[in-house]
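Number of protein chains: 2
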Amino acid sequence: MSITTPQGFSAAGVPAGLKSTGAKDVALVVNAGPRFDSASVFTANRCKANPVLWSQEVVKDGTVRAVVLNSGGANCYTGPEGFQTTHAVAEKVAEHVGIAAGDVVVCSTGLIGLVNDREQVLAGVDAAYAALSGEGGNDAAEAIMTTDSVSKQVVVEGAGWSIGGMAKGAGMLAPQLATMLVVITTDAVVPADELDVALRAATRVSFDRLDSDGCMSTNDTVTVMASGASSITPSPDDFTEALTQVCTDLAMQLLKDAEGADHEIAITTLNAATEDEAVEVGRSVARSNLFKAAIFGQDPNWGRVLASVGTTQATFDPADLDVAMNGVWVCRESTPHADPETVDLSAREVSVTIDLKSGTERATVWTNDLTHAYVHENSAYSS
Amino acid sequence: MSITTPQGFSAAGVPAGLKSTGAKDVALVVNAGPRFDSASVFTANRCKANPVLWSQEVVKDGTVRAVVLNSGGANCYTGPEGFQTTHAVAEKVAEHVGIAAGDVVVCSTGLIGLVNDREQVLAGVDAAYAALSGEGGNDAAEAIMTTDSVSKQVVVEGAGWSIGGMAKGAGMLAPQLATMLVVITTDAVVPADELDVALRAATRVSFDRLDSDGCMSTNDTVTVMASGASSITPSPDDFTEALTQVCTDLAMQLLKDAEGADHEIAITTLNAATEDEAVEVGRSVARSNLFKAAIFGQDPNWGRVLASVGTTQATFDPADLDVAMNGVWVCRESTPHADPETVDLSAREVSVTIDLKSGTERATVWTNDLTHAYVHENSAYSS
Numbered sequence: 030m031s032i033t034t035p036q037g038f039s040a041a042g043v044p045a046g047l048k049s050t051g052a053k054d055v056a057l058v059v060n061a062g063p064r065f066d067s068a069s070v071f072t073a074n075r076c077k078a079n080p081v082l083w084s085q086e087v088v089k090d091g092t093v094r095a096v097v098l099n100s101g102g103a104n105c106y107t108g109p110e111g112f113q114t115t116h117a118v119a120e121k122v123a124e125h126v127g128i129a130a131g132d133v134v135v136c137s138t139g140l141i142g143l144v145n146d147r148e149q150v151l152a153g154v155d156a157a158y159a160a161l162s163g164e165g166g167n168d169a170a171e172a173i174m175t176t177d178s179v180s181k182q183v184v185v186e187g188a189g190w191s192i193g194g195m196a197k198g199a200g201m202l203a204p205q206l207a208t209m210l211v212v213i214t215t216d217a218v219v220p221a222d223e224l225d226v227a228l229r230a231a232t233r234v235s236f237d238r239l240d241s242d243g244c245m246s247t248n249d250t251v252t253v254m255a256s257g258a259s260s261i262t263p264s265p266d267d268f269t270e271a272l273t274q275v276c277t278d279l280a281m282q283l284l285k286d287a288e289g290a291d292h293e294i295a296i297t298t299l300n301a302a303t304e305d306e307a308v309e310v311g312r313s314v315a316r317s318n319l320f321k322a323a324i325f326g327q328d329p330n331w332g333r334v335l336a337s338v339g340t341t342q343a344t345f346d347p348a349d350l351d352v353a354m355n356g357v358w359v360c361r362e363s364t365p366h367a368d369p370e371t372v373d374l375s376a377r378e379v380s381v382t383i384d385l386k387s388g389t390e391r392a393t394v395w396t397n398d399l400t401h402a403y404v405h406e407n408s409a410y411s412s
Numbered sequence: 030m031s032i033t034t035p036q037g038f039s040a041a042g043v044p045a046g047l048k049s050t051g052a053k054d055v056a057l058v059v060n061a062g063p064r065f066d067s068a069s070v071f072t073a074n075r076c077k078a079n080p081v082l083w084s085q086e087v088v089k090d091g092t093v094r095a096v097v098l099n100s101g102g103a104n105c106y107t108g109p110e111g112f113q114t115t116h117a118v119a120e121k122v123a124e125h126v127g128i129a130a131g132d133v134v135v136c137s138t139g140l141i142g143l144v145n146d147r148e149q150v151l152a153g154v155d156a157a158y159a160a161l162s163g164e165g166g167n168d169a170a171e172a173i174m175t176t177d178s179v180s181k182q183v184v185v186e187g188a189g190w191s192i193g194g195m196a197k198g199a200g201m202l203a204p205q206l207a208t209m210l211v212v213i214t215t216d217a218v219v220p221a222d223e224l225d226v227a228l229r230a231a232t233r234v235s236f237d238r239l240d241s242d243g244c245m246s247t248n249d250t251v252t253v254m255a256s257g258a259s260s261i262t263p264s265p266d267d268f269t270e271a272l273t274q275v276c277t278d279l280a281m282q283l284l285k286d287a288e289g290a291d292h293e294i295a296i297t298t299l300n301a302a303t304e305d306e307a308v309e310v311g312r313s314v315a316r317s318n319l320f321k322a323a324i325f326g327q328d329p330n331w332g333r334v335l336a337s338v339g340t341t342q343a344t345f346d347p348a349d350l351d352v353a354m355n356g357v358w359v360c361r362e363s364t365p366h367a368d369p370e371t372v373d374l375s376a377r378e379v380s381v382t383i384d385l386k387s388g389t390e391r392a393t394v395w396t397n398d399l400t401h402a403y404v405h406e407n408s409a410y411s412s
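Each protein sequence line maps, in turn, to chains A and B.
So that you can map any letter, position 100 of the first sequence is 129 in our numbering, and since no number is skipped, the others follow by simple counting.
So that you can map any letter, position 268 of the second sequence is 297 in our numbering, and since no number is skipped, the others follow by simple counting.
Worth double-checking, as some hints may not be accurate.
Which copy is meant is left open, so a pair is good if it fits within one copy or across any two.
Said to hold, decoys possible - Below 20 Å or equal to it, Euclidean Cα-Cα: the simulated SDA-like pairs (lysine to any residue) are: (1) Lys285 with Glu378; (2) Lys285 with Glu110; (3) Lys285 with Gln327; (4) Lys386 with Gly108; (5) Lys48 with Glu309; (6) Lys386 with Pro347; (7) Lys89 with Ala221.
Simulated from the structure, these hints should not be mistaken for lab results.
With the hints as constraints, model all of the structure from the sequences given.
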């Protein structure tokens, strides 16, 4: 049940010494075809890491034959030397597999500003190639972990075809891509242009609506490769639905493993004029440190929800907003309603519902609470 | 050295039982003239508290003769009943002073969604009126405190005229007005329209650039009243400069008293194409929980600074950014430069400098670090 479940893919994850713990830190995923369709989305951050700068060029022609990933260093803000390391890694993979370097996506994750030893990374690529296997998906998923406490994997089965996915990312989740690396494989026959449409539709309602701490990473990459090895061409709707299921499942795994969080919070905005406005409202609440700290304290502080809604440009009447927490309508028409004492916020899963009464659209944005552990882990990350 | 230092003003601060501690919680400031020019700015939050809804109408004609303030309840999201309380408070002040209710600004602060007992507040107004005095500034400044650990006051002297100010606010500071109430008095002769221009110029570079935790309040109000009692008309430049000094001093007092902060952080963006872009860049860094947690951990994590800069639309080359922390240029041309180990972040005051190399404009935005104490205080506020 991994990225090597779909036919046509082999993978590996090996320790190359980039992580001081000696854990696996280089992963390789190779598509043996017969087709090499691909699609990718990258961070919207303008300060992009070297692997993103490289990979953005690689994916332009819709063909990707391998993805190589390392943890233990983000290769970000490392200048030309760092870019050359990325390039050398792609060349090394290409040489082993017998393909062009221009068909190799490179992903890195770890501390920013750290230049990994090039020879060490390249030796890791050699070892990963030697270890490639049709059962290597788990190893690859482990090799990309950083502060993740568990590896994230999923498989969704179609009629004679399947999609596998792996992801890393914990903390630093934000809109328009969390700090995360995601590799998705499928043996369905899906031309690159259709794959691109499906991937954008799937990430729009999954990874893009995850906002753990409002920070947007420099390295985020989601790449999907389609081998066509099943010889089956699913309908675009069926494929998009399955891909959305894969992305949503991985997004929820990321959310549950966010650094130092005590609660997973689903913020649903109802009856918005447009879906974008529903997302804007949800995101504004997800970004409020006051709201997030209140949930940590199990305090159903709906005033902080309304104060966040008020910062948006969405369509609503400020005097006619309803807010529920875990299904209890603590606020109706922007005034106190049910007794907040009746809201039990002790469970990890918390739902907040905001009724804008201004249309028929809705959207859910996910975030975590703001905890002592979050502050602790993120104040000590690089030391 | 308070708001009663300028001639023509009396003030009082009394306990009315709104605060469970029995501390002072109702304040009154009255302008005896001969002039009653005024200017105000309010929160940009669309979900405004009842006192803001009232006061926005009051200030439209440029005449304000009294400001009445209470702590112990924000009177926000309390519906028509809450608005009627605000109205009744203004009427009560007007009756005592012998003026129109439409010339009375009302401010409230405290918990959202809480309806104060109307009779209790009105009794507080009676007591405050009875206690009005030319030496009442300190009492008024104390009566508006909520989680503030100290009262905030300042006086700036002109040539024969002066400006006094008081502020409350700690934590929840955000752009376009922090959660704060500010009353400023002056005995200079300044027509209302000039006062408005001066106040907007002063708040733009002071309160508006304070961003403690990115949350924008529902009650923020800054009101300035000019009595003209000195009979002196300063030049607009001199007056604006003094008013800016008052606002900046109060803003720094608010910053230093932010809930649970260990550091005051000044983020200065240099060589921006426009001042707005410099502010946008500074604000994006001030909003990054990852950056703020790093400063708490005394970690000069410049990668998190660049990652925040990259989320903006400002003009810059992502490969050519310089970052200094406490004067040490830890990053040049978007790559590591001076050893971060040489940056000492143990003192409360921290400076971060970002050189965009794209123009000649600059701006400083202030924020605090993200600490365990912040999470603690804000997870337990209403319980």
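- [ ] Give the relationship of lysine 285 and glutamine 327 under a CA distance limit of 20 Å: within one copy only, between copies only, both, or neither.
- [x] within (18 Å within a copy, 28 Å between copies)
Task: Homo-oligomer pair classification [glycine 108, lysine 386; C-alpha up to 20 Å] - done: between (50 Å within a copy, 17 Å between copies)
TODO: Give the relationship of lysine 48 and glutamate 309 under a CA distance limit of 20 Å: within one copy only, between copies only, both, or neither.
DONE: neither (38 Å within a copy, 36 Å between copies)
Open item on the list: With identical chains, the pair lysine 285 and glutamate 110 could be close in the same copy or across copies; at 20 Å between alpha carbons, which is it: within, between, both, or neither?
Closed with: Classified as neither: same-chain Cα gap 36 Å, cross-chain 42 Å, threshold 20 Å.
Open item on the list: When Cα atoms must be at most 20 Å apart, do lysine 89 and alanine 221 count as within-copy, between-copy, both, or neither?
Closed with: within (10 Å within a copy, 60 Å between copies)
TODO: Classify it for me, lysine 386 with proline 347: is the Cα-Cα distance of at most 20 Å met within a copy, between copies, both or neither?
DONE: within (11 Å within a copy, 42 Å between copies)
Task: Intra- versus inter-copy proximity for glutamate 378 and lysine 285 (alpha-carbon distance at most 20 Å) - done: within (10 Å within a copy, 36 Å between copies)
Figure legend: structure checked against the earlier numbered hints; hints not met, in rising order: 2 and 5.
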